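Chains as they are written, first to last, in UniProt numbering: chain A, 1 to 219; chain B, 1 to 219.
By construction, these hints were calculated from the structure, which means they are not laboratory data.
This structure is a prediction, so every number in the text was calculated from the model and none was measured.
Check the hints yourself; a few may be wrong.
Heads up, simulated DSSO-like pairs for lysine-lysine below, C-alpha to C-alpha not over 30 Å straight-line [said to hold, decoys possible]:
| hint | chain 1 | residue 1 | chain 2 | residue 2 |
| --- | --- | --- | --- | --- |
| 1 | B | Lys83 | B | Lys99 |
| 2 | A | Lys184 | B | Lys83 |
| 3 | B | Lys207 | A | Lys184 |
| 4 | B | Lys19 | B | Lys8 |
| 5 | B | Lys207 | B | Lys174 |
| 6 | A | Lys19 | B | Lys174 |
| 7 | B | Lys99 | A | Lys8 |
| 8 | A | Lys99 | B | Lys19 |
| 9 | B | Lys184 | A | Lys19 |
| 10 | A | Lys207 | B | Lys184 |
| 11 | A | Lys207 | B | Lys8 |
| 12 | A | Lys8 | B | Lys19 |
| 13 | A | Lys174 | B | Lys99 |
| 14 | A | Lys207 | B | Lys99 |
| 15 | A | Lys174 | B | Lys83 |
| 16 | B | Lys184 | A | Lys99 |
| 17 | B | Lys174 | A | Lys99 |
| 18 | A | Lys184 | A | Lys174 |
| 19 | A | Lys99 | A | Lys184 |
| 20 | B | Lys207 | A | Lys99 |
| 21 | B | Lys207 | A | Lys19 |
| 22 | B | Lys83 | A | Lys83 |
Protein chains: 2
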Amino acid sequence: MTNIKSGKVSTTDIAAMDKQYRICLINSLLGYKSLNLLGTISEAGTTNLCVISSAFHLGANPPLIGMVMRPAREHNDTLRNIKATGQFTLNNVLPDWYKQAHQTSASYPSGVSEFGTCGFDEHYVAGFNAPFVAQSTVRVGLQLREIIPMEINQTSIVIGEIVEVLVNDALIGKDGTIDHVEAKTVTVAGLDAYFLPQSIARLAYAKPGIEPQELNQPG
Amino acid sequence: MTNIKSGKVSTTDIAAMDKQYRICLINSLLGYKSLNLLGTISEAGTTNLCVISSAFHLGANPPLIGMVMRPAREHNDTLRNIKATGQFTLNNVLPDWYKQAHQTSASYPSGVSEFGTCGFDEHYVAGFNAPFVAQSTVRVGLQLREIIPMEINQTSIVIGEIVEVLVNDALIGKDGTIDHVEAKTVTVAGLDAYFLPQSIARLAYAKPGIEPQELNQPG
Chain A
1 MTNIKSGKVS TTDIAAMDKQ YRICLINSLL GYKSLNLLGT ISEAGTTNLC
51 VISSAFHLGA NPPLIGMVMR PAREHNDTLR NIKATGQFTL NNVLPDWYKQ
101 AHQTSASYPS GVSEFGTCGF DEHYVAGFNA PFVAQSTVRV GLQLREIIPM
151 EINQTSIVIG EIVEVLVNDA LIGKDGTIDH VEAKTVTVAG LDAYFLPQSI
201 ARLAYAKPGI EPQELNQPG
Chain B
1 MTNIKSGKVS TTDIAAMDKQ YRICLINSLL GYKSLNLLGT ISEAGTTNLC
51 VISSAFHLGA NPPLIGMVMR PAREHNDTLR NIKATGQFTL NNVLPDWYKQ
101 AHQTSASYPS GVSEFGTCGF DEHYVAGFNA PFVAQSTVRV GLQLREIIPM
151 EINQTSIVIG EIVEVLVNDA LIGKDGTIDH VEAKTVTVAG LDAYFLPQSI
201 ARLAYAKPGI EPQELNQPG
């Protein structure tokens, strides 16, 4: 087992690391990550819920997100449901029940819904089949657009278009930015370290030769 | 201009939104994002630095990250440098100088280095050409593996393999997880809202039928 001894490690050191140490280190290198509960439903009507930290903004017009799906067992229901129904939801995680959100990462047998097992209520909107999390304050419904198989490590990058946004008006600032402090959104670093952020400031659009300016409005 | 009036908006509402409102809303939907300074160098030796919030964990073995590069003007130097040299760095952002990090998003003319202009020092390691940010506490050097052109919106997903990790030993927990509170890592939501997270807890690996357990160690 090779762990970090000095402040610098390179390729051969990384390859020689204990597997679990490497997973924890590499997963935590980029900092805080978007934390969401991913909701799906099978063609037979069985729901599925799993916590993910790999969703990323791909573009605003059309409104697109991407997310990485591992080839591992626990996500198979999710990816199969997305392929079968073409729909999924992303729901934020709150401090009151972040432990239940973490619990959705346990390897429940295929066909067991993490909604009921982990204590979440399903919420549906007309014209959209995938289940939202009733307890979340920021919820997004997505239509599958593309699945990119990554030959380099057998993961899949799933691209979805945002077709439903469920957010209370009070959480949205005048310019459209969601107030995640008011929404009580939790973030994660690495595999299992959960955090609640505190605002530093919002900054004005940056221009060459002009000092960075704080925006007064919180939202 | 159509903004959110009720708590639910769908595809046609999103398409009808004012462009800037849509950008702010869609960019902030997924919650907090990884915030990094992306360092590159041209073949002629001119460095470039820009703040990004689109880097994501792709896998631990091999150690891979992905990041979204927009087709827009300000990133052209960056993508050209990555293609030319095959290398780039990702460096975390600290509260003492997050405004300077934000300032790197300004549209400086091609050939002007944001290192000098925004007040950052370059740091180099033997055998690796791309510049690290001297002021950062968590720094990663990457080798280009793949560029995926996204036909759906003309962005590019850049895949890099982690070949250098520069982190002080004191910031790394026994299990390999980096302590981003000690590292003073800043996170971002939307385009310009900066935050400093506070720890809630770390949770043990989830197993079916076992209540979620807090881990005692902070790191």
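Each hint, compared with the structure:
{"no.": "1", "hint": "Lys83(B) <-> Lys99(B)", "verdict": "holds (28 Å)"}
{"no.": "2", "hint": "Lys184(A) <-> Lys83(B)", "verdict": "violated (40 Å)"}
{"no.": "3", "hint": "Lys207(B) <-> Lys184(A)", "verdict": "holds (26 Å)"}
{"no.": "4", "hint": "Lys19(B) <-> Lys8(B)", "verdict": "holds (18 Å)"}
{"no.": "5", "hint": "Lys207(B) <-> Lys174(B)", "verdict": "holds (22 Å)"}
{"no.": "6", "hint": "Lys19(A) <-> Lys174(B)", "verdict": "holds (13 Å)"}
{"no.": "7", "hint": "Lys99(B) <-> Lys8(A)", "verdict": "holds (27 Å)"}
{"no.": "8", "hint": "Lys99(A) <-> Lys19(B)", "verdict": "violated (37 Å)"}
{"no.": "9", "hint": "Lys184(B) <-> Lys19(A)", "verdict": "holds (27 Å)"}
{"no.": "10", "hint": "Lys207(A) <-> Lys184(B)", "verdict": "holds (26 Å)"}
{"no.": "11", "hint": "Lys207(A) <-> Lys8(B)", "verdict": "violated (34 Å)"}
{"no.": "12", "hint": "Lys8(A) <-> Lys19(B)", "verdict": "violated (44 Å)"}
{"no.": "13", "hint": "Lys174(A) <-> Lys99(B)", "verdict": "holds (23 Å)"}
{"no.": "14", "hint": "Lys207(A) <-> Lys99(B)", "verdict": "holds (12 Å)"}
{"no.": "15", "hint": "Lys174(A) <-> Lys83(B)", "verdict": "violated (39 Å)"}
{"no.": "16", "hint": "Lys184(B) <-> Lys99(A)", "verdict": "holds (25 Å)"}
{"no.": "17", "hint": "Lys174(B) <-> Lys99(A)", "verdict": "holds (23 Å)"}
{"no.": "18", "hint": "Lys184(A) <-> Lys174(A)", "verdict": "holds (19 Å)"}
{"no.": "19", "hint": "Lys99(A) <-> Lys184(A)", "verdict": "holds (15 Å)"}
{"no.": "20", "hint": "Lys207(B) <-> Lys99(A)", "verdict": "holds (12 Å)"}
{"no.": "21", "hint": "Lys207(B) <-> Lys19(A)", "verdict": "holds (19 Å)"}
{"no.": "22", "hint": "Lys83(B) <-> Lys83(A)", "verdict": "violated (33 Å)"}
Violated hints, in rising order: 2, 8, 11, 12, 15, 22; the structure is consistent with all others.
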